[in-house]
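Residue numbers (my numbering), protein chains in the order written: chain A, 1 to 334; chain B, 1 to 495; chain C, 1 to 103; chain D, 1 to 130; chain E, 1 to 485.
Simulated from the structure, these hints should not be mistaken for laboratory data. Treat the hints with care, as some may be off.
[Said to hold, decoys possible] Some chain B residues close to chain A (C-beta under 10 Å, calculated; not the full set): (1) 69; (2) 113; (3) 184; (4) 187; (5) 209; (6) 474.
[To be verified] Non-contacting residues of chain D with respect to chain A, defined by C-beta distances greater than 10 Å in every case (computed): (7) 3; (8) 4; (9) 5; (10) 9; (11) 17; (12) 73; (13) 83; (14) 116; (15) 122; (16) 124; (17) 125; (18) 126; (19) 127.
Note that the Cβ used here is the ideal one computed from N, Cα and C, for glycine as well.
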Amino acid sequence: MELLVNISLLFMLSLTVIAVVRLKSLFAIVMLFGIYSLLSAMIFIALDAVDVAFTEAAVGAGISTVLMLATLVTTGRWEKKSSRSSFLPLLIVSITGAALVWGTLDMPEYGNPDNPAHHHVADRYIEQSPEEIGIPNMVTSVLASYRGFDTLGEVIVVFTALIGVLSLLQVRTPPSVAETPLRNENRKLSRPYPVLQVVALVMMPFIILFALYVQFHGDFGPGGGFQAGVIFAVAFILYTLTYGLDDALALTPVSVLKALAAGGVLIYGGTGVVSMLLGGNFLDYNVLSSNPVSGQHIGIIVIELGVGITVASVLICAFYAFMTRALPDQGQKG
Amino acid sequence: MIASHLPALQVVVPLLGAPFCFLLWRSPRLSWLLATLISWLTFAISIALLVTVNNSGTIEYAFGGWQAPWGIEYVVDQLNAFVLLIVSGIAAVVFPYSWISVQQEVELRQQSLFFTSMVLCLAGLLGITIAGDAFNLFVLLEISSLSTYTMISMGRDRRALTASFQYLIMGTIGATFIIIGVGILFMLTGSLNMQDLAQRIPELDQSRALHVAFGFLITGIGLKLAMFPLHLWLPNAYAYAPSAASAFIASTATKVAVYVMVRYLFSIFGVNFSFQTIHIQWLFVPVSLFAILFTSIVALFQRDIKRMLAYSSVAQIGYMLLGIGLFNVTGLTATLLHLFNHALMKGALFLAMGAVCYRIGNTFIDSMQGLGKQMPWTMAAFVIGGLSIVGVPLTTGFISKWVLIQAAVERGWWPVIIVIVVASLIAMMYIWRVIEAVYLQSRPENAKNVSEAPLSLLIPVWILALANLYFGANATLSSELAGNAAATLFSGTGF
Amino acid sequence: MDVVTDLISWIFLGLGIFLGLTGAFGLLRFPDFYTRVHAASISDTLCTACFIFGLAFQSGFNLVTAKLFIILILLWLTGPAASHALVRAAHTAGLKPITENSD
Amino acid sequence: MDSFFNEVISGALGRYNYWVVIFLMMSGFYVVIGSTNLVKKIVGLNIFQTSVFILYISIGKINGGTAPIVWANAERYSNPLPHVLILTAIVVGVATTALGLSLIMRIKHAYNTVEEDEILAISLEEDEDE
Amino acid sequence: MAPEILLIWALALPLIGGGLTLCFSRIPNLREGSTIVVALALLLVVSQLLSHTLNGETTQLTLFEMLPGLSLSFKIEPLGMMFAGIAALLWPINSLYSIGYMRGNKEENQTRFYLFFSIAIFGVMGVAFAGNLLTLFVFYEVLTLSTFPLVTHKGNENALAGGRVYLGILLTTSIGLLLPAIIWIWSVAGTTDFTAGGILYGKISGIPLTVLTLLIIFGVGKAAVMPVHRWLPAAMVAPTPVSALLHAVAVVKAGVFSVVKIVVYIIGVDTLTAAPWADLLWILPGFTIIVASVVALNQDNLKKRLAYSTIGQLSYVVLGTLLIAPFSIKGAALHIVAHAFGKITLFFAAGSIYTSCKKTEISQLNGIGWRMPFTMSAFTIGAISMIGLPPAAGFLSKWYLLLGAFEVDQIAAVCVIIISTLLNTAYFMPVIHAAWFRKESNESVLTYGEAPWPIVGALLLTATLTILLFLFPSIPFSLISAIPL
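Please work from the sequences and hints to get the whole structure.
So this is what it looks like as C-alpha cells:
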C-alpha cells in the first residue's frame, strides 16, 4: 500500500518535472512548481515527515509560488526561444546523475531499520528526548534544542534575505491619509472586489488563530515557529491581495515589520545570551529554570516565538516589497 | 567565565549585532559605527582564541550544552584559529574604511542595509570557519552567501545585478551540492559532526557512495572557492560590487572556502582517502597549473583594474590548490600561508582601488593615467600590493611563493616551478601596466584633477600595505602558525 | 465498524470520486475558460464535501471529524471565492465568453 | 539464477526511491543550467533543492515507522534528524528564492529583459563601449 | 664606527638622499646640494668600510630574517667592496655632472630623476654588499626597477618603447632564468650564502652544473652576454648622466659583478672547472666581444657605439671569469674598475657634446676637439683605456686577462682578446681622428664652446682617475688579491 502511494506520487512528480522542462509558459511552469511542492509535501507525509510536509506545503507551494507569480507580473509570462545549445548542460547533468546512481549501489537500502543513519545520533533523540526535553514532538526537540544553533542560523538566513530584498526592492511609502483626504470615501464607493474582500475578512481571524495554534502546538504535533510564521504571513498576503497594498501598509507599517523581524532574531539570540549569563552554554535551556525539563520548555517556547515573529514579518515585508515593484501605480488608481 | 564562551561569542557577537545594525536604519552612520565596533570586537576575540589554542590546545564548545555528536559543536584548532584571525582581521580594517566609500558608492537608502549585510557576512564566514558540524556549516555558508549577493547587487553599475544573480545561481548550486554530499555522508555514517565523521569514514573506504559524496563536496566547495573552471561568477562579482564589499569578499570569502576544502580533504576524509584512494592531487595539480597560467593571461587584457584583480584572484586560488595538490607538509603550509598573505595583498589592492574609485568614479586603467602624482599615497600602497602579487622579495607574496616552490622542489616537480615563475612574470606584466599608466603617463587634458584620498580611506589601505611588508620581511610568525597547522593536519591526529 | 456507516461512507466517497472525475473531465473538454472554471468549481465544492462526509463516516465521531468539518468550511469559503476571483480577473482582462453568436 | 534475480529485484526495490529522486534532482539541475530565462532558472533551482529534500527524507524513513511524535501505539519512529535538517533547508531555500526573484525584478527594470542571452548581448555591447 | 653601523649607513644614505630630494623638490639648489652632500657622505662611509676591509675584517649583518634560513643579509668581502667603492666614488662626480647636464638641457621632472638615481645607488650598494643570493636578487631587481623611470625620463613614445625593452629583457631573464637558478642552488645546497670556495662542491656536478652556469650567465641579463644584450642599446634613450652612471657603472657592472660573485662564492672555481665543457663556456662572451665590436664599428650614433662597446667590454669580464683561471678572474675584477672609469669618461664626453651643441652622430664631430678641448682630451683618455693601452687602467686588466688565458692554455681566447683590441682601436680611433684631425664642415654656423663647468669638471675628474688607477693601482690590487679563489 505504502509502496503504491509512494510510486504513484513519485510518478506524478516525474510528470510534473518533465512538463516544467518542456513548457515555455512561465505561468504554467510556476503553477506546476506549486503542484510539485504540494506533491512533495504528500510524499513527505508518506515518509513520516509531517513537520517537513507542513513546511513544504506552506513555504514551497505557498510563499515561493506567490513570490514567483508576483515576479511574473513584471517580467512577463513567456520564455523566449533560446538559440543556445542544450548539449553541454545535458552532458553535465547526465554525468552528475550517472555518478549519483553509481553511488546508490553502495547506499544502504531504503527504509531498512538497520541503516547506519538511524543508529548513531538518532537513537538518542528518539529514546531520550522525551525525558531530556519533555515534549512529544522529537522534531521540535531536535530543532529547537539539540540543534538549536542551526535554527538560529536559519532565522538569520531569513533575516538576511529580508535585508537583500529590502535593498533591492523598496517598499512604497503609502500616501498618508492627510494628503489624500478623499481617499477613504473613494474607496468605500468603489470597493473593487466585494466578494473577495468579505471572504478575506472572514478568513483572516481564523487564519491568525490557526497560526497561533500551530505556533504553540508545535511541541505536541507538527508545527512550530516557521509554519506559524508562514501562516501568519499568509493572512496579511490575503489582505493585501484583496484590499490593496496601501491598506495593508496602513495596517502593518513597514517600520514595525522591520523592527519585528530584528526583534524576533534578538528574542532567539537573547535566549541564548541569557542562558550564557545564567552559567550554561549558549542556548542551553536547562539553566533557564531550576528544573531542567521546564527550562527546556521555556526555552523552546520563547525561541519558537522569536522564529515565528521573524518569519512572519520577513515574509510580509518581502511580499510588500514584491508588490510595490509588481504593481507600481496601484496607489494612484485608488 | 567569558573565556570559556569565546568560541560561541566569536560568531554570536556579529550574528546578534546585525539586527541592531539593521534597527539603526535611520542613521547609516550609527549602524556603521556599530558594525566597526563589532568587527573590532570579533578581531579581539579571535586573537584571544588563537592565543588560547596555542597555549592549551584545541577548544571545543557545545551549543545548548549538548555534547557532540548530539548537539552542534564548535571546534577551534590551530588551523581555524588562524583563518578566524585572517577573516576578522581583514574585517577590522575594511569596516572602518567602508563608511566614506559606501557614502559615495551606495544609495543612502541602502547604506545601513549594506553595513548590516557586511556584519552578517562576517558572522557567516567566521561561523563557517569555526563550525564543527557539517550541516551547521551549510547554514552559515548560506548566511554569508546571501549577504554577499546583497552587497554585490548594491554596486552602481547595472551589471552588478546580473553579476549578483549569476553568483546566486552558481553559489546555490554549490551549496546544494554540498548538502547532497553531506546527506550521503549522513546516510553512511549517521553523523553530522566533523570529528565523528572523520572517525567513521575510514571504515567505509571502498564504498562507492562515499566516493560520490566526496565528488559532490569537492565540486560544491569548488564552486564556492571559484576553482577553475567553476570561477566564472567571480570576476563580475568582484568587479561590480561596491569597493568595500569587493575588498572584504575578495580577501576573505574564497579563503574561507579554501579552508573548508582543506578541512574536508585532510580532517574529515583524511589524507589516506583523499590522496591515496581518490588521488585528488591528480585533479588539483593540472587544473591549478592551467588556472594559474590561463587566468593570469586573461587578467593582462582587462581594462577595469578591479576585474583584473578578480582574475588574479582566481590565479591565486590556483596557487592555494596547487599547494594542496603537492601533497606534502610544505605544500600545505604554502597554501595556508598564502591564505593569509593573499588576504593581505588583495585587501590592500582592492582598498586602494576603492580609494581611486572614490576620487575618479571608476577604476579603468585609462582614467587612472597620471594618477601617481595626484594620489601618491594610494598608488604607492597599490604598488606594494602589486609587488606582493608578483612575489617580489620582502613582500608577503614572495614568502608564499617561496614556500610553494620549496614544496615543489621537495616533490621534484620542476615543471610546476617553471609555471609558478612564468605566472609571476605575467603577474608582473599586468601590475606593470597599471604602474606605467599611473606613474609614467601624464594626466590627460580632459581628465578631472583629483586630490589624495581622505585619511579614513588611506589609513586602512596603508595598514594592509604595511602588513604586506611586515609579514614579508618577518614571516616567522605567520609561517609558524601555518606550518604547525599543516603538520597537525598531515599527522591525522589533529582536528 | 458498522456495515451501514461503512456503506454510507463508501456511497459518499464514490459520489465524490464521480464528481471529481466529472470536474476533471469538464476541465479538459469544455470549450472556453468560463465553462471550465464552472466544471472545476464543482469538484471544488460538492466533490470535496462528499469526500469529507465519507471520511467523517469512516473515522467515527471524534476530534478528527471536527477537524474535517472545519476543513470543509474552509474549502467552501475559499473554493467559490477563488473561482469568483478567477472569473472576475478573466472578465476584467477582457476575455469574452463563447456565446451562441460568437461564432 | 533465481537468487540472482531476487537480489536484483530486492536491490532495485531498496533503491527505486533514490533513482527517481535522482531523476527529479537532475531535471531540476538541468532547468537551472540549461534554460536562459532567469525565472525558469529559479524555478529549476527550487525543484533541484526540493528533490534533494526528498532524498534526505528518504534517508530518514524506516519501514514500519511512524512520524517521530511520541505516541502510545508506536512501534518505531522514523529518524527525526533529517526532518530537522530539511526544515532548515526549506527555509534557506525560500530565502534564496526571495532574493533571487527580487534580483530578477531589478534586472528586468534595468535591462528590460529576463533572458540571459539578451542580457549577455547587452553587457557585451557595454563592455565594448567603455 | 663599527663596520656594521657603517654598513647600515651605506645602505641608508642613498635612501636619505632620495628623501631629501623629495623634501626639497621645490628648491632646486638645495635639492642638488643635498644630493652632492649625501653622495660625499656615502663616499666617506664606503672609504671607512674599505679601510676595514683592507685590514682583513669581514663584516656580516642580517637585516630581516623572513623565514628560518631565508634572510636578507649582507656581508662585506673584497669583490663587493671594490664594486661599492667604484659606485661611491663615481656618484658624487656623476651628481656634479648631472647638475650641469640637467640644467643645461632644461630637462623636466628633475626631482624624479634625482630620487630614482638615489634609489638606484641604494640598489647598487645592496648588490655590492649582498650576503646571499636572495639579497643579491632583491637589490638586483631594485636596481632594474629604479632605473626604469630614468631610462624613460624623456617620457615620449620612443623613450617608453626603449624602456619596455629594457625592463622586459632584464626582468624576464632575471625572473625566468636567474630565479630558478637560485631556487635550484638553494634546493641543492640548502643555503644561498656567499661562501669562499662556493657552496656547490660535491652537491651538483656534470651536465646539470653546466646548465646551471648557463642559467646564471644568461639570467644575469645585465651582464649583456649575447643574445640578451638588446636592452643595452635600447636603454640609450636615457639622458646621458643616466647612461653614464647606470650603464657604464651601476647596472652593467652589477651584472658582471654578479656573475663573478656567483662563480666565485657560490659555484666555486674548483667546482666549475670540473664541469663538463667548462673550458668551452668562455666562447659565449668571446663571441659577444667580437660581434659587439663589429657592430660598434657600424654605429654612427656616438652613444650607440659606446653602448656596443660596453657590451663587448662587459664580456671581457665574463670571459675572464669563465676562463676559470685565477689570473683571469682577477683581471675580470680589475676590468670592472677599469672599464667603469673609462666608460664613464666616454659617456660624460658624449653628454658634454650633446649639451653644448646637440650633436649625437659621429659624422658630425669633425674638428670638435678644438672647440671642446677638455672634453675631447678626456674622451681620448677614456678611449685609450678602452683599447687597453698604457697609461690607462684598461691596460692592467687586459694584461691580467691575457695572463689568465695563457695560464689555462686557451690560445683561442688570447686571439679573441687580441682581435677585439684591434677592433676597439678600429671603432674608437675614427672618433678621435675626426675630433682632432678633421676640419669642421663649413655648413655649421653654430658657434659653441665647452659645456658648463660641472660637466667639464666631472669628466676631467674621471679621466684623471683613469690615469691614476694605472699609476697607483695598489688599492684595487690589494682587494683583488684578497678574493678567495
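*Out of the numbered hints, which ones does the structure contradict?*
Hints 6, 11, 13 and 14 contradicted; others consistent.
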